[in-house]
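Chemist: Chain residues, written in single-letter form:
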Amino acid sequence: MTLNLFYFLSFVAVLSALLVVLSRSPVHSVLYLIVTFFSIAGHYVLLNAQFLAVVHVIVYAGAIMVLFLYVIMLLNLNKESEPHKSNLLKIAAAICAGLLMVVLVGSLKGTDMLVQQAPSDIGYVKNLGQVLFTDFLLPFEIASILLLAAMVGAVMLGKAEKPDDNKIHMK
Amino acid sequence: MIPIDYYLWLAAALFTIGVLGVLFRRNAIIIFMCIELMLNAVNLVMVAFSTYLNDAAGQVFVFFIMAVAAAEVAVGLAILIVMYRNTQTTDINVLNRLKW
Chain A
234 MTLNLFYFLS
244 FVAVLSALLV
254 VLSRSPVHSV
264 LYLIVTFFSI
274 AGHYVLLNAQ
284 FLAVVHVIVY
294 AGAIMVLFLY
304 VIMLLNLNKE
314 SEPHKSNLLK
324 IAAAICAGLL
334 MVVLVGSLKG
344 TDMLVQQAPS
354 DIGYVKNLGQ
364 VLFTDFLLPF
374 EIASILLLAA
384 MVGAVMLGKA
394 EKPDDNKIHM
404 K
Chain B
-6 MIPIDYYLWL
4 AAALFTIGVL
14 GVLFRRNAII
24 IFMCIELMLN
34 AVNLVMVAFS
44 TYLNDAAGQV
54 FVFFIMAVAA
64 AEVAVGLAIL
74 IVMYRNTQTT
84 DINVLNRLKW
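Line order of the protein sequences matches chains A and B. Using the numbering used here, you'd call the opening residue of the first sequence number 234 and step up by one each time. Using the numbering used here, you'd call the opening residue of the second sequence number -6 and step up by one each time.
Calculated from the structure, these hints are not laboratory results. Be careful, since some hints might not be right.
[To be verified] Distance windows between CB atoms, simulated:
1) B:81 - A:339: 28 to 34 Å
2) A:325 - B:46: 36 to 42 Å
3) A:325 - B:90: 43 to 49 Å
4) A:261 - B:50: 33 to 39 Å
5) A:388 - B:88: 29 to 35 Å
6) A:382 - B:90: 24 to 30 Å
7) B:85 - A:360: 26 to 32 Å
Glycine included, every Cβ here is placed at the ideal spot set by N, Cα and C.
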């Protein structure tokens, strides 16, 4: 049962990830990526990491992908206007990715299989929070400063430029 | 119980698809999404090992990676909007001044 669920979720994840890369319209790519994220959240549930599954859905599907969709709508990119790379470059890209896959397969093959220990409840909020606020308290606080810096940076970048700024026109 | 190899294979496949997308597409937004895909593949491996080794540190790392990814997306999309404002396109081949 669990194995079947794993196969199903993996199939959905890989298929929708491929569709992210191959679909023409950016909006469709975003929607397929949301499907991928949901199936990865399902994997987290299978791995007994409930807290991370919920956070993953909230942060990725709820916040990051909405941001992507918002930018695509804002820039009006939903038309299929993207110029495509030449066939030679596409073949080269596919070969490079295939070679990476070969390297990964070669490095993963023959590793000793890890025996899983008794089902644990480390993925629950209580235990994770305990670890987060004792062993990882300083990184946690630094992460909040990072988010603040990112917010300030995004606002600074997105601010309308003054008309006398010399813009770089590349076209 | 599912052997951990399966998760490693799945994460390898997802990571490779992400790399393929970065090499394959020219739209900067799609490339961005493929980077998110790669981050998620790595997250999956971390959670799998954390569960199989019974160590909560891996899941805390995933939590921090999510925070960094959120920050990265915010700044990256702001850069993308500025790029669009200056060039009227999100094609990365327009921004080739640092190439040679």
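Chemist: Are the hints correct? Go through all of them and say.
Modeler: We went through each hint and held it up to the structure:
no. : hint                     : in the structure
1   : B:81 - A:339: 28 to 34 Å : 44 Å, violated
2   : A:325 - B:46: 36 to 42 Å : 39 Å, holds
3   : A:325 - B:90: 43 to 49 Å : 23 Å, violated
4   : A:261 - B:50: 33 to 39 Å : 37 Å, holds
5   : A:388 - B:88: 29 to 35 Å : 23 Å, violated
6   : A:382 - B:90: 24 to 30 Å : 27 Å, holds
7   : B:85 - A:360: 26 to 32 Å : 43 Å, violated
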